[in-house]
Every structure is written in C-alpha cells, then in structure tokens.
Amino acid sequence: MSRQRLGTAPATRAAQYVAVVCYLIFLGFPLLWLISTSLKSPQEFASIDPSFLPKHPDFSNFTDALEEQGLVRSMLNSLQVSVASTVLVLIVSLPVAYALARFRSRLRPITNGWILVSQVFPVILIVIPLFMILRPLHLTNTIPGVVIVYTVWSMPFALWMLQGYVAAVPRELEEAASVDGASRVRTIVSIVMPLLRPGLIATAMFTFISAWNEFFFALVLLQDPQLKTLPLVLARFVGAEGQVQFGPLAAASVLATVPSLVFFAFLQRRLTSGLLSGAVKG
Amino acid sequence: MKKVLISLLAASALVTLAACGDDKGSGSGSGDSNEKVTLKFQSLAFQKTTVAATKKIVADWNAANPNTQVEYVQGSWDSVHDQLVTQFQGGTAPDVIQDESADITGFANQGYLADLSPYLSQETKDAVSKGVWDTVSSDGKVFAAPTLLQSYVVFGNTKLLKQAGISTTGDSLSWDDLQANAKKLTAGGKYGLGWGLKSPTATVLNLGMNFDGTFFEGTGRDAKAKIGDPELEVPKRIHAMAYTDKSIDPTSLTQSGSDVLPGFFGGKYAMIVGGNYAAQQIVEQGPKGFEWEVLPPLKGTSEKQAANPQTLSVPAEGKHVKQAAQFIDYFMKADNLAAVGQGDWLIPTTQAARDAIAKATGGKNGWTQTLASGAELTKAPFQSVENYPKWKDQIATPALQEFLANKIDLATLGKKLSDGWGQVNG
Numbered sequence: 001m002s003r004q005r006l007g008t009a010p011a012t013r014a015a016q017y018v019a020v021v022c023y024l025i026f027l028g029f030p031l032l033w034l035i036s037t038s039l040k041s042p043q044e045f046a047s048i049d050p051s052f053l054p055k056h057p058d059f060s061n062f063t064d065a066l067e068e069q070g071l072v073r074s075m076l077n078s079l080q081v082s083v084a085s086t087v088l089v090l091i092v093s094l095p096v097a098y099a100l101a102r103f104r105s106r107l108r109p110i111t112n113g114w115i116l117v118s119q120v121f122p123v124i125l126i127v128i129p130l131f132m133i134l135r136p137l138h139l140t141n142t143i144p145g146v147v148i149v150y151t152v153w154s155m156p157f158a159l160w161m162l163q164g165y166v167a168a169v170p171r172e173l174e175e176a177a178s179v180d181g182a183s184r185v186r187t188i189v190s191i192v193m194p195l196l197r198p199g200l201i202a203t204a205m206f207t208f209i210s211a212w213n214e215f216f217f218a219l220v221l222l223q224d225p226q227l228k229t230l231p232l233v234l235a236r237f238v239g240a241e242g243q244v245q246f247g248p249l250a251a252a253s254v255l256a257t258v259p260s261l262v263f264f265a266f267l268q269r270r271l272t273s274g275l276l277s278g279a280v281k282g
Numbered sequence: 001m002k003k004v005l006i007s008l009l010a011a012s013a014l015v016t017l018a019a020c021g022d023d024k025g026s027g028s029g030s031g032d033s034n035e036k037v038t039l040k041f042q043s044l045a046f047q048k049t050t051v052a053a054t055k056k057i058v059a060d061w062n063a064a065n066p067n068t069q070v071e072y073v074q075g076s077w078d079s080v081h082d083q084l085v086t087q088f089q090g091g092t093a094p095d096v097i098q099d100e101s102a103d104i105t106g107f108a109n110q111g112y113l114a115d116l117s118p119y120l121s122q123e124t125k126d127a128v129s130k131g132v133w134d135t136v137s138s139d140g141k142v143f144a145a146p147t148l149l150q151s152y153v154v155f156g157n158t159k160l161l162k163q164a165g166i167s168t169t170g171d172s173l174s175w176d177d178l179q180a181n182a183k184k185l186t187a188g189g190k191y192g193l194g195w196g197l198k199s200p201t202a203t204v205l206n207l208g209m210n211f212d213g214t215f216f217e218g219t220g221r222d223a224k225a226k227i228g229d230p231e232l233e234v235p236k237r238i239h240a241m242a243y244t245d246k247s248i249d250p251t252s253l254t255q256s257g258s259d260v261l262p263g264f265f266g267g268k269y270a271m272i273v274g275g276n277y278a279a280q281q282i283v284e285q286g287p288k289g290f291e292w293e294v295l296p297p298l299k300g301t302s303e304k305q306a307a308n309p310q311t312l313s314v315p316a317e318g319k320h321v322k323q324a325a326q327f328i329d330y331f332m333k334a335d336n337l338a339a340v341g342q343g344d345w346l347i348p349t350t351q352a353a354r355d356a357i358a359k360a361t362g363g364k365n366g367w368t369q370t371l372a373s374g375a376e377l378t379k380a381p382f383q384s385v386e387n388y389p390k391w392k393d394q395i396a397t398p399a400l401q402e403f404l405a406n407k408i409d410l411a412t413l414g415k416k417l418s419d420g421w422g423q424v425n426g
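Going down the list, the sequences are from chains A and B. One point on numbering: in full-length UniProt numbering, the residue at position 113 of the first sequence is 113, and numbering is uninterrupted. One point on numbering: in full-length UniProt numbering, the residue at position 377 of the second sequence is 377, and numbering is uninterrupted.
Hints are not guaranteed to be accurate.
Below, a list of computed lysine-lysine pairs in the DSS-like style, where the Cα atoms sit at most 27 angstroms apart [claimed, not checked]:
no., chain 1, residue 1, chain 2, residue 2
1, A, K55, B, K268
2, B, K246, B, K48
3, B, K48, A, K55
4, B, K184, B, K246
5, B, K407, B, K198
6, B, K364, B, K159
7, B, K162, B, K246
8, B, K55, B, K224
9, A, K55, B, K288
No lab work stands behind these hints: they were computed from the structure.
Sequences and hints are given; from them, build the entire structure.
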C-alpha cells in the first residue's frame, strides 16, 4: 500500500482540499462575522434577516469603542502584563523544567503531582487568599502584582509543557557535548536551548494568550481606571439584564485581536518542528 | 539539599505570616467632616448617556465640595458580585458601591455594608416609598440607597395592534386581555407574543406578585418554600399561551430578552414582554418608521411587581462612611436621579425624579406607561431569603425551563420548586 499512491490520487487530493477549505471557513467565519458586525449600524445587526456583509459600512463603532472606554490604554496595559509574565514564566520555568526532566529525585513525582493538582483549583477559591497575600505587600492595584499572579498561574502548565520538550532532547547530544569538554551551563545554553526553541515558543504563546485573555484576577486586583486591562474594558460593553452594545463590542474585539495576531505571526515563523530529526543516529 | 529545603520552607512560612497580617486598622469610622478626602465611586453606568450624567453629578459634587472629592471609577455589571466578594474580604471595596439590591442583600446580612440611616437626609428618606426602602433595609438599618428600578412591561407594534383593532388605552392590562390580544394577533406564521424567557425565574417571581404569589414564607435561612396556585399562575398562563393557544412563539421562550427584538422589529411578534429598559434598544435599533408603544401595566389581582432597585451603598469598613453617604444623598436629588434614569431608561425611585422625566420626555417613547408601571413596585418575600440565589440557579431556572419547554407538567414544576428548596437550604 503505497503512501504515494494515496497522496496522489486525484479524488483523495480533492477531498483533502475540500476538508481544509471547510476547516478554514469553520475557523475563520466567527472572525469574519465579528468584523462584519463591527461595521454594521444598530439597525442592521438587530435585523430579523441579517446580512453577512454590512449594507452601509461605517466606522462609528470603532470611534465609539476607542473614544469611550480608553481602549488603547487598556491594550497597552494588557500588552505590558502579557509580555512581562511571558518573559518571567520562561525565565523561571526553563531551569525548573530542565531539572525535573533530567534529574531523578524524590521531589520529581511530588512536584509533578502538585503541578497537576494546582490545575484543578477554581480561580474563585484561590483569589481571596491571593488577594490577602498581595495586599500587605502593596501589590494590589498594580501592574507588577498582576504580572506576579499571571506568572504563578501560568507556571504549572508551562512547566508541564517544557518538561516534555526537554525530555524530547536526546541525552546523547548533551553527553557528546560533555565529552567534548563543554560545561553543563554551556551545554544547556549552546545545545539544549536552540533545540528547545519550538517548545519555548509554544510555551510563550500559551502564557501570552492566557495573560492577554485573563479577566477575573484583573477584575479583582485592579481598581485604578488607568490600569485596567483589555478584558475588563470589553466587559463594560455588557450591561445589566443581558444588554449588550454589539457594535462597539465587536469593534473593540476586532481591535483586541490585532496585537495577539501580530504576536503570533511574529512567533509562528520561529515555531519550526523537526529540528531534532536525525540528530542522533541509532 | 536539606538545608536549602528548610530555608525555603521557613522563608515561605514567614511570607505567609506577613501576608496574613491585617492592616485594616486605618479605618476611622465616619471620618472628620473637615478632613480632605477622596472617595472612590465605582459606577456601573452602562449607557453612554448615563455615564455622561453620572460623571456630571460627580463633577458638580466635586465643584461644590472641595474637601470631599469623588473619583469616578468605571465598573461593569459583569462579575460585580465576585469582585465585591473579594474586595469586601480584602477590605479594599470602593467607598461608594453600585449594585442591585438582590445582590447586596447577602453582603448586608454579613455585615459588610454600613448603616446609612444616620446620614441620609429626611428629604431623601421621604422621597422614596416604604416598599422600596424595605428592599434595602433590615433590622431597622438602611444598608443602601435605592436609585433606579425596572419593571416588566408589554411592548406592542402599534401598526399591528391597530390593524387588529386592539385598544391599548386604560390604566392596566389584565392577563386575560393579554392572552386574548395575543391570540387575535396570531396568524399566518406570526405570533401575538414573543417572550424571551431564557432565564425565567426573575420574570416569573416578579410578575407572580400580580397574583399574590409569594414563593416563600419567612426570612433568612428559616424561610420555607410556598408553592401553590398563586405562585404557579404566571407559568401556567405562559405555558397555555405557548402550547394551547399557540399565541406565544415557543422558540422565543428559549431566547434572551434582547434576542426577541429582531422578531419584534420584523413583525414576527406583535408584542413582546421585557424589562422596560428594552425601550432604549427599540429606539436605537428599531428600523426607521417602526411604530411601537408600551401597553398599560399587567394586572392579575393587582399590578404589583417585585422591586429590585439599583442601589448605592458604602462598605462598613470604609474610612469615610459619612462623606460617602453625603455624596449618595446628593446623588438622590431629583434632577440627578432623573438624569441617570432617563439615560438608562429606568424608573427613578423618587416621585420628584419621575415627574422630572415625565416633563422632560413629554411621556413619549412609552415613558408615561413605564413610569406608571413603577408605582406598584415593592419588596417581594424572596428578597429576604438567604439562599434564594442558590435556589434560583440550581432549582427554579432549570425547572421553569423544563416546564416552558413542555417537558414537565405544572404539578411536577410545583413539586420541583418546593422540594428543591429543601435541597439547597438543607
């Protein structure tokens, strides 16, 4: 049964393209609908027979979103906390993940168990103790406070992810470096780190998006209007009793996706796989 | 390795102990009136007009009170409860809090809210009806000032009502008339009524007061469920209209209040029932030339509905309770309440503010009927029941949804509502 034959069969190839196109439409449609809604008037999106494309596109929803709620400032705040917590998570979790993956000790299963357990705590359960800890340290209502919380919150999963990537790096490469006289630090920096790049980027993406979208911690910790992050500002478009300002909300959501799209576009090019293929010959 | 571990454990224990230290001692009760203070006012104003009106109130106050400056902090209705839970426990709640009375009753019972009665002026106390004050009072203490109310009203498509020869004048609209009108308006794939009842409990309990439905006897944790004919009258009538008369579109029952608006605009529903604030969405989103009106208040044995006002309150541990209460008293002035009420399309709690809106609007866009529907709003028994929110979410809402989806009968609904109280309050 040749893989080649399956791959080149016109019917199979056509089916694959159809599947891919369907999948892309499935993934992209909500975003297109969001963009379309952001350009519609209130009358258009309350129509019983909604059209996909706006009949009279205008940008007033964007100006409303930008003027009323301090959207730009909140985006900068979100960018600040997301980038800072991503960098911190990577700096702290990389050596820990390396140690957990490479060194056998009694702490390892306990640590891994704790990492798993920490993922099951509901946010509401930990937010009050966390708040009580941060308050005497004067870290509530501050960006550094939120960054610390996001770092701690993302760390377990980041560790879990990175451990797997470290474990996938063949020990033989490190042994070879050692034989060539490289110290452990040199081995990690020159051999392991480059090979871990896809893992680091995947972890960075996960951490960034977690911080970018996080709502509840920010809601509780940040009171100063100047410090509010993007999800808090987006929530203001939803009122009591299910009232929603659909137009400005859609416009604000479109704008909110831009920085994360840029971030992903920037990182995705570096997210290459297969670096380890053939690194060690068996 | 052991030494490192022990050091780490000791350090974390010290940090934890330090963190558990309480620095609440800085509160100074009601504060000194000559002291220069800044109050944080977390407003949940949502509409552009109301945000502007609220900011103007704050600016006017700040201009007149240089020693007590108010800082406007924009909050949101979304998750305000969870936010306040944490802030009360952490002692960092804003000096002036906006929330609805049903939500803050629990906070008041736990002692998180200050008694405002010594600070509110007699003018403010006299301006609000006793039934509304009852929604924010317990044990002789007033834990919030009620500002705006909403009622459930019937919106009608004027053109379709006229075509069917339906008159919408009068002081009230009986449920029998509503049903008859809806039936008359149902034809050709169009329904007389669309009713967004995705979250039906609040609507059923509030309108249940039309038939003297109380749902509970007693207060706090000692309250007992009381589910009889008066309590089941509203769901029974809605069910009958949806499945016997077929004058309510059954699919609308699964939608939210705003989901049914496109159907209303498109003529699919001649009438809809919803919170009076929906008038604003109708004005903003309705197609050009769309004629609509608010029908007279619904009446069973009475026009009563439950009042769940928006409120302003002050944390008990706030450092400047007196000044915060004075600001709230200022907020309650007729012109101020009228401005925020008109902006949100909600009913002010004081007659003077209602008169101001009636004068400013000329009663147009349904304001005459909307303001009239606020006259009979009063405290409902469920508002004094501690585990009501739990019962609402875990028992009443799913049971009512099943009933309105025609999956269970009325007797089963009554049993579920009654037995469910024992489960959540046990």
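Practice item. Could you grab the alpha-carbon distance between B/K364 and B/K159 and see if it respects the 27 angstroms cut-off? Key: Between B/K364 and B/K159 the Cα gap is close to 17 angstroms, so the pair holds against 27 angstroms.
Practice item. Would you mind confirming whether the straight-line C-alpha gap from B/K246 to B/K48 stays at or under 27 angstroms? Key: Roughly 39 angstroms separates the two Cα atoms, so the pair is violated.
Review point. Between B/K48 and A/K55, is the straight-line Cα distance small enough, at 27 angstroms or below?
Key: 25 angstroms, holds
Point to revise | Pair hint outcome, B/K55 versus B/K224 [Cα-Cα no greater than 27 angstroms] | key: It is violated: about 44 angstroms lies between the C-alpha atoms, which goes past 27 angstroms.
Check your understanding: Straight-line Cα separation of B/K407 and B/K198 no greater than 27 angstroms?
Key -> 15 angstroms, holds
Point to revise | Pairwise hint evaluation, B/K268 against A/K55, where the allowed Cα distance is 27 angstroms at most | key: Within the cut-off at roughly 22 angstroms; holds.
Check your understanding: Keeping to a limit of 27 angstroms between CA atoms, is the pair of B/K184 and B/K246 held or broken?
Key -> 11 angstroms, holds
Check your understanding: CA of A/K55 to CA of B/K288, is that 27 angstroms or under?
Key -> 15 angstroms, holds
Check your understanding: Within 27 angstroms, alpha carbon to alpha carbon, are B/K162 and B/K246?
Key -> 21 angstroms, holds
Hints 2, 8, counting from the list given before, are not met by this structure.
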